[in-house]
Amino acid sequence: MKRLFWALPFLLFSFQGVTAPIKTISKLQFGQQWAFTREEVMLDCRADGALFVINPSTLMQYPLNDRATQFMKSNQVIASSLDTILLNDPEHPNQKMSIEPFQKVALTLCDQTDDKK
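Numbering-wise, the sequence shown is residues -20 to -1, 1 to 97 according to mature numbering (1 follows the signal peptide of the UniProt record, and there is no 0).
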């Protein structure tokens, strides 16, 4: 029992290195490409490459790709529709801003997670 007691903290700390990094990005970094109603958001890569945008003030998450949308629709994660925080594209009426630049950045987080394994 004493051995388990001493091993438990090491076991708990070992999982910290496996967690995916979260990256905070802002409107200043992307300029005219900025697609969100918030000035700053966080990007997250989850299991199987599910990409999420997180509103830092409410911690609400929004799916950034099809895999994340599947997780949301199957109630595996609590999330809201991405359209909630997407800006309209001023150059293309009735369209939302492109999320491609943000997907690319979020995918780099997936690569960082794979490197830790």
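If you're looking for bench data, these hints aren't it; they were derived computationally from the structure. Be aware that one or more of the hints could be misleading.
Below, in silico cross-link-like pairs of lysine-lysine (BS3-like), each with a Cα-Cα straight-line distance of 25 Å or less [to be verified]: (1) 84 x 3; (2) 53 x 76; (3) 7 x 84; (4) 53 x 84; (5) 7 x 53.
Verification of the supplied hints:
{"no.": "1", "hint": "84 x 3", "result": "holds (12 Å)"}
{"no.": "2", "hint": "53 x 76", "result": "holds (21 Å)"}
{"no.": "3", "hint": "7 x 84", "result": "holds (16 Å)"}
{"no.": "4", "hint": "53 x 84", "result": "holds (23 Å)"}
{"no.": "5", "hint": "7 x 53", "result": "violated (29 Å)"}
Hint violations for this structure: number 5 only, all remaining hints satisfied.
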